[in-house]
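Heads up: the protein sequence lines correspond to chains A and B, in order. Letter by letter, the first sequence follows residues 53 to 411 of our numbering. Letter by letter, the second sequence follows residues 472 to 850 of our numbering.
No lab work stands behind these hints, which were simulated from the structure alone. Every value quoted in this text rests on a predicted model; they were computed, and no experiment measured them. Heads up, a few of these hints could be off.
Unchecked claim - Estimated spans, in silico, between C-beta atoms of each pair:
1) B:Pro836 x A:Glu396: 41 to 49 Å
2) A:Pro192 x B:His750: 33 to 41 Å
3) B:Ala737 x A:Ser349: 49 to 57 Å
4) A:Glu280 x B:Arg833: 27 to 35 Å
5) B:Glu619 x A:Lys85: 52 to 60 Å
6) B:Ala778 x A:Gly203: 39 to 47 Å
7) A:Pro282 x B:Val825: 34 to 42 Å
As the list claims (entries may be wrong) - If you only want the chain A side, here are some residues facing chain B, beta carbon under 8 Å, derived:
8) Ser75
9) Gly105
10) Asn132
11) His175
12) Asp180
13) Leu183
14) Gln190
15) Arg286
16) Leu295
17) Arg296
18) Thr300
19) Met307
Unchecked claim - Straight-line alpha carbon distances no greater than 20 Å define the calculated EDC-like cross-link-like pairs of lysine to aspartate or glutamate that follow:
20) A:Lys374 x A:Glu248
21) A:Lys205 x B:Glu732
22) A:Lys256 x A:Glu352
23) A:Lys205 x B:Asp691
24) A:Lys374 x A:Glu397
25) A:Lys320 x A:Glu352
Heads up, the beta-carbon is just placed ideally off N, CA and C, and yes, glycines get one too.
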Amino acid sequence: MKSFAAVLLLGLAGATPAMAQLSAMQPLPARAKTDPALVELGRHLFFEPRLSGDGSRSCASCHIPAYGFADGAALSRGYNGTEYFRNAPGLLSVRLKSRLMWDGRLDGNDLPTAVRDMVTEAHFMNADVRLAQERMRQIPRMMDLWRRAFGEKSEPYGPRIFVAIAEFLRTLDAGASAVDRHLRGEDVVLPLLVSEGMRLFHGKARCATCHHGPLGSDGKAHRLGVPENPAIAREPLRMITLLRHHATMGVPNYMAERSDVGTYAVSKRAEDRARFATPSLRGLRHSGPYMHNGVFSTLEDVVDFYDRGGGSESALRPLGLKPRERRALVAYLKALTGPLAVVEEPPVFDYALIPEAAR
Amino acid sequence: MRRLLSAGLFALACCWAATAAAADRAGPHGPLPPAPVPADNPMSSAKVELGRLLFWDVRLSGNGSTACVSCHLPSAGWSEHSAVSRGYPGTIHWRNSQSILNAAYFDRLFWDGAAGSLEQQAQSAAEGAVAGNGDAAMMEMRLRLVPEYVRRFRDVFGTEWPRLSHAWQALAAFQRTLVSDQRRVPFDRWQAGEAAALPEDAQRGYRLFIGKAGCNRCHDGPLFSDQRFHALGTPRLALQQTHPLLQVTARWQNLQRGVAEADYRAGDDDRGLEYVTRHPADRGKFRTPSLRELKYTAPYMHNGVFASLREVVEFFDRGGGAAPNKSPMLQPLGLSEQEKADLVAFLESLSMDVPLLMASPRLPPTQPLESGDRHAPRR
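In isolation and in its complexed conformation, chain B is listed as follows:
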């Protein structure tokens, strides 16, 4: 059953490869092309299956409590329903957990683009002190005392013992299969010529999206994201004034990302892209998220401050908030109530009609190491 499921996912990914040409013809908001695959981490069904197991495996964390899935729950659109992520025990994270659906299409990962690949993102999340807090050598050794992992890593990567860098590759390969099924996305079906697939209000919403509201200036392409970084003046999260641990995390983030002591002690703002570029003009900029599967991934924005799409639309209708580097593209829109409702209807049509769910796999057990191979390492 497990193998069937993953083989199915893999086949699905390949099937999209065949429709790549069709995607090119479909215009700026056509269906997603096949997910790009880096040359140094080619896909295979065995690798995807290994990545699926690892995605659920709590041994890839400091104290064996927190797996990838802990903050990227299939039942919550492969994200979390809380404003900011729950984080590692004893901490709280400071940003909204992003859905990993369609993450395969992003050039850079994390809200501030700190990771350049899914492989790198997996490592950062597993090792970050407020995420997985895993020690690399410890996680690697845990994998090595799981005989089934030893076999699977050997089959996929050809190594005698599992290597942690290969775990990140397998996880990335698995995530490259977690993409929207265009046959279940009303907007994609409508674009493909199925006139009844998109209700009237959503069609009006789409015209606003690419017209009066101008959402497509940033939310363009099949992913509905320009993959660029913008400052919107997103409001602060009220939790920042009420949750001591969130203050701890905000200071720690700023400290470890190199913000000067006087500044990090005094403030708790998320500087976004500035952490990566070191350029003050990038302060408060965050990467445009994809709009696909939004129906399942509330709350919204980098800090999860908006609980509903309606709130998001209201925010953009106001022309965003106040921020030093705020994008000039954000101006009051003057949308009517009907227009806001139409925009929400359109946004919801970018999600599959049923969520992509996946059952938890049965994880292979940790077992004692065989003795007696001291002088005869396995080949």
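Next up, chain A with everything else stripped away, as it sits in the complex:
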């Protein structure tokens, strides 16, 4: 946590010439090595609603494959009886993220722990892990997959559930786009507007200052002054999850807050208020609406926002883009989306009795 706070301090350093060299989109790396049996178990668990408290919500409820594993809504729905206060981020190439969650509170190198948070968090899946593990024990076909992954004598165990789902997540690579092939030096001719957008992205529009690397993210948190999503003040169920999140994170005087404090909830440093982690730019065609609160429906809205220099108390400056330049940037952002891998939703296996002899 301390080191993360230190990283945040550096977060808004301007782009020096030396950094500019590094601050560029990079092609997606090769696929990660994964264990096929663990991935197959993880795929089933990812779609398994009985991991949630009331058996109704799976990971895939808010991370839908067709939306690049986002959910297509401005604000995520969350658990039954709750409404969440942030946008569900897509999961394409999530294994490359250094920090997770919009406030960056989780370590991207520890995906199983992030999965645990999602499964147990009251506004996501609200599960008791031990109850979830015993439910899995009661599904014979899930146990077949389990024992293929963990060994013939293995019994369900919460942390291993998270390990299996994390292994599945590590396979969710964003498809390589024409831009990736171009970046790898292949002989690809990009459409003129895309090429123009790429130059602007790395130049006049200064997007690459924060959006660089294979994901197009520096993994740090910044204050942009993104407008409030009015649904949060209007819909009390969203204010409940917002304030409850602040309360559980230990935000001082949390009942006086009415909007998302972002990374401040993690660091408690005043300068981190309303800072949010730079999102990945992979799969943007599928994963709208955009920003931590889903306030922009289209990439055009997003580019217009940056062109204005962001919102109030923003660290951004106006860009003075011409209409064609804005179109070019949007074309480039869209061109970063490669083909979406088809992930098949497995059937839901039935519970069955465990006979005395099999215990």
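Chain B: place on chain A using the hints.
Here is chain B on its own, set in the frame of chain A:
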């Protein structure tokens, strides 16, 4: 109307306070004395009324589906008619939902006595994964976005914002008003001198109860419970062999209560008091339930295995079942058919002649928070 009803209940509770002395004179099975009230949670009509609202409020659960009343239905004797409780959605509970009528008199709550007060019981039930599955911080924040609750909690507890611990106190206060009305209980009326209040068969049943059948060795006092724990060898519930989710819950209960892995994987027995004391000699012991209001609270036993009082009497007549720590007090009784029928008649006379019912209150709505009080918190 709502206020009238709760004020009435409260007055009723106070009225019993006045008859406390009479209760002492009435012998071991006299009418109930006034319900004990803990010093740190004094009664008030406003608190009882708040507790009544919360008792019905589904926001005190994980997904907004399950209130206290979901498993403690007034129309089912403030319990449920199923053998084991329905539990939280996606689960089934593994024990019979106990009536909360007269729960005020128990020193310890739950079949295994895991809770030491009604306040603690309310919290355990609302947060338990197979009961309410509520997250404490979430439930508390839900209360805070109900303006009427903000007002009521402030009036009763003096806090700026509702606190969850106060919700449990209000619920406990409400439950302390849910007690049998002795003026409607045939046995109590008979004890008070109204000779015609108890039919002949029930009178014979009472003599058996305190004589040949010896029921009163455990079911004594005005509550008809010694508040102690006994192993009876109650049969297993057939559902345990047919309901996959009940197997899940049994394993989970044993796992989370600290039973070793090899044991919880292999078995699904409810170890009762042993969970609390960690003493193997307490395995399979459950707290003696009250016999009051039995007419409305079927089925019976910790796992609801007996559907009728007749079955319960047959079980004790056999001397109970088989269990490692079975109480030596249980011996075959050799009751005749007539005697069994008389015992059932007596047991039924411990219930009010009409059930204590209560209408669902209209719950106050969740509303957006006022803005602009960021720098001026309300006093």
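Go through the numbered hints given earlier and state which of them the structure violates, listing their numbers in rising order. Hints 7, 8, 23, 24, 25 are the ones this structure does not satisfy, whereas the remaining hints hold.
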